[in-house]
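**Q** Each protein sequence line maps, in turn, to chains A and B.
Using numbering that gives the first Met the number 0, the first residue of the first sequence is number 0, and each one after it goes up by one.
Using numbering that gives the first Met the number 0, the first residue of the second sequence is number 0, and each one after it goes up by one.
It is worth saying that the hints were derived from the structure and are not from the lab.
A virtual CB, placed ideally from N, CA and C, is assigned to each residue, including glycine.
It is possible that part of the hints are untrue.
[Stated by the list, open to error] Result set (DMTMM-like, lysine to aspartate or glutamate): computed pairs, CA atoms no more than 25 Å apart in a straight line:
1) B:Lys266 to A:Glu52
2) B:Lys488 to A:Asp72
3) B:Lys488 to A:Glu164
4) B:Lys488 to A:Asp356
[Said to hold, decoys possible] Cβ-Cβ distance ranges computed for the label pairs, FRET-style:
5) B:Lys488 to A:Phe347: 49 to 55 Å
6) B:Val262 to A:Phe347: 54 to 60 Å
7) A:Ser27 to B:Val487: 34 to 40 Å
8) A:Arg120 to B:Val487: 35 to 41 Å
9) B:Val487 to A:Ala383: 36 to 42 Å
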Amino acid sequence: MKLELRGITKRFGALVANDHIDLVVEDSQVHCLLGENGAGKSTLMNVLYGLYEPSEGEILVDDKPVAFRGPSDAMAAGIGMVHQHFMLVPVFTVAENVALGAEATKAAGFLDLDATRAKIRDISKRYGFDVDPDALVEDLPVGVQQRVEIIKALVRDARILILDEPTAVLTPQETDELLEIIGELKASGKSIIFISHKLREVKAVADVITVIRRGKVVGDAPPSAAPADLASMMVGRPVSLTLNKAPAEPKDTTFAVRDLTVAAPNGQRVVDGVTFDIAQGEILAVAGVQGNGQTELTEAILGLYKHASGSVTLDGNELLGRSVKDVLGAGVGFVPEDRSHDGLVGAFTVAENLVLDLYDRAPFARGLGMRPSRVATQAAEKIAEFDIRTPSADVPASTLSGGNQQKVVMARELSRPLRLFIASQPTRGVDVGSIEFLHRRIIAERDNGTPVMIVSTELDEIMELADRIAVLYRGRLMGIVPGGTPRDMLGLMMAGMTAEEAAAHEAPVAAGTGAAGADDDGAHRAASSFGIDVVTDDSDSGDTHG
Amino acid sequence: MSTATTATTRPDEAPEEVLAPLVSWKAPIGLGILAVVGTVMFGVFSGGKSAAFGLVDTGRGASAVAAWLALAVAILAAAWLSYAWFRARRAGHGPAGWIPPALAAAVVVFVLAVLGVAGVTVITLGARLIGWLSAVVMLALAGWSAWLAPRGHKLPRWGVAAFAIAFLVGFLVWIVAGGRDATPYISLAGLLAGAVTLAVPLVFGSLSGVLCERSGIVNIAIEGQLLMGAFSAAVGATVTGSVYAGLIAAAVAGALVSLVLAVVSIKYLVNQIIVGVVLNVLVVGLTNFLFSTLLTANPEGLNKPPHLGSIEIPVLADVPLIGPILFRQSLVGYLMYIAVIVVYVGLFHTKWGLRVRAVGEHPQAADTLGVNVNRTRFWNTILGGAIAGIGGSFFTLVAVDAFSKEMSAGRGYIALAALIFGRWNPIGAFLASLLFGFADNLQSVITIIGSPLPSQFMAMLPYVVTVFAVAGLVGRSRPPAMEGIPYVKG
């Protein structure tokens, strides 16, 4: 099915989210939309899916103009969407989720779930999905939930499938499986719109790449385009994709975690016997799929959990069991993973947010009173230093873009002398340009001699920053490996193998794929000619689709 | 390939065992306290007296036909259920969730029918014997629960049920034997029938809550809907002279209260709890005003509704204990049973129900699949209001033959508790309402025969039960995820 968008414009008040976007998706084609967060990709797809009405422009399906008044119209026209945040009811079974909205019924509106189950089995078999129709969705791994979303679209006879940032929540292995599934869907005649900001995947899967920046189409590119070119198209200026950081020079080990265990209210051990050290001047990056205890690990160190046992020492002092204020007082800088929820008070001004943890001490306070002039001076300094794009220091922090909000949090946490710096998802939802800046600040803090702990679910970020990498799986440490460890091995560890098992598993696989070695070399040569560190390109999946 | 360096913790067990739950002592401690209290009260402080329980309504003879009929039905049902259970076992999976309780019910009916056939109308139980028996059962179950806890297991459901029954039997015998007479007597049939009667408005109220909250609208205004229903039923039935017109007026009035709730919370996104509370106060004020002006001025013309009598189904109504509960009810009572079944089947077995539940759990998901979230919520709230309104008509058409100020007396809030106790499930809410109705009725029955507890404490009973129930005695109950959160697109 051919899909064409002509001059689609979507305005929210004064904000133009999409500005005269033209896009043609051909039959049996994987069309990638590449753009930064906030570039307007998701808005465009929501327009296409009937969730938003376009302010201007028209949508053509097979060269006939259509108007979608709601998602049901879009679905009827053969468009299916897998949202970035899954639209699945967690307490429903797979069959109930698939049935919802397109229910098979017997007489008098009674549900006929057996019919739905049969359809799910049918589709599962055809594409090798392995999904149990009677499983509760909340019990399923994220990768399987995504397949349920795809099944939902296929059951409704979707001929165009929109995948919105589908790999954001997947392990590298799950990502490979998804790319394979996309290949099969394409082979069976479906068109796919693949939305992402990750160059690696886009290059692996795309037939055509359209780059979007600030709501406008910047241009098309073939999948063979150089990553650096794609990146600069996305950002609008040349960007360097590698930090080229100096090797770490670890000094004394001042931060030690011993046998840390955190129990959730329901009794599950969400962090289970985790032990590691971080030396001054070293970055330890904690990798893992979202929800494997990273949040709890960092928050336990900060003192947010009562049911934490073990020991956390900084400069020889025990932190566990002390109040958050004491922990911060001991020199811990903490960037929480959800900045709008935990990192900022959205209604407070930028200036106030910059002194959230310093407001009660000199120079910002004198006795019971605060000193607004000093707060303002501080704000001016930090806004300049961190290049925070804000109309003034006195606007509410919630009005800033994600990247700038993150800079506010980072600026605040780095504005006092630190003995330990912890940052969770330091660049989540941040544009490529700001990522580079924030990464450099983190490296600078390391080079200052601070032990740094980074938690990230983005392998790219882990590879970029880490001197050593710790992998968490279901609250347990699968091992600590040196920075630069191949992605595949990290992926296996993220899926529950220990470092030794993963190493043992990797070796025979490497031997087995020796036949495809020529291809791999090609990829590497190409990569090095880009000046990009793509040591462990997902060449397996590249082969299947290339 | 690199080698792993530094502090690598190698988990000893397989990763699957990582999530071993910590030991929870909540259940053993709770059961233990109840068992000890039960032992002291029912065992140690049991008098030497006996308690007599009447199985047949006072003033009615036992009906042999009904007893035989019940016996036959019970045997057939038990046989069929056992077969279903057996077959499920053979097929290698457990029986469907409803089979064990249904079988238990069939056995109870069987025992009652045997008693009926044998012509037994009164059972007399020695307080000391029964007290100690129940104490032993409770202590044993509490002990078992404590033994299971460190092994990561919980008391099976039938164990919990057995504990509850032991406590209830012990408590009943103890409190009745504490009466003034030499062998105090209560009519068990009357106690249960009264419990169901008292539960009628609660059941309607909690069904209203189920309908609203499953779709994501918090309905605190059940109290107001009941009261408005009671008022409108009284006035409507008096003016038209027809109880049916009264019923319809009650449904419309309840729906109107809901209309305000729906419009204000869905369109204007006002906090639903606050709207609900305000509506309750508003309805109290409105009905009080109208009562003291209009109704007091013209009670004959406005506040003298015809009575909605009970309809008795011949023979079946004479089955001991169960007959009066199921087959000697007012129209509103029968409507209650129908409503419970319809709401249950509707919510869990129809397209409509699937959409309603989806809207309450994940409105965005429903929206992206073409379900109109706010329209679903709106109509569910209106329907809930109508149901609560019919429940309110019970006060003026069945219980008392006139409207009086604030006659719903907080039952809307108890219905809300029944809804939570019943885990947002129509059947659960129905059973919880029955429990509250039972506690309520027991209180009044016991006050008549005299009891070892001061009557004020007895009057607290329904509310104590409510507090324990809502505090999570039944385990963690999970409300619809998006309850109370308005849905705004975009």
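**Q** Please go over all the hints and tell whether each is borne out by the structure.
**A** Now for the hints, and whether the structure bears them out:
{"no.": "1", "hint": "B:Lys266 to A:Glu52", "result": "holds (20 Å)"}
{"no.": "2", "hint": "B:Lys488 to A:Asp72", "result": "holds (17 Å)"}
{"no.": "3", "hint": "B:Lys488 to A:Glu164", "result": "holds (21 Å)"}
{"no.": "4", "hint": "B:Lys488 to A:Asp356", "result": "violated (36 Å)"}
{"no.": "5", "hint": "B:Lys488 to A:Phe347: 49 to 55 Å", "result": "violated (28 Å)"}
{"no.": "6", "hint": "B:Val262 to A:Phe347: 54 to 60 Å", "result": "violated (34 Å)"}
{"no.": "7", "hint": "A:Ser27 to B:Val487: 34 to 40 Å", "result": "holds (38 Å)"}
{"no.": "8", "hint": "A:Arg120 to B:Val487: 35 to 41 Å", "result": "holds (37 Å)"}
{"no.": "9", "hint": "B:Val487 to A:Ala383: 36 to 42 Å", "result": "holds (38 Å)"}
Consistency with the previously given hints fails for numbers 4, 5 and 6, ordered from lowest to highest.
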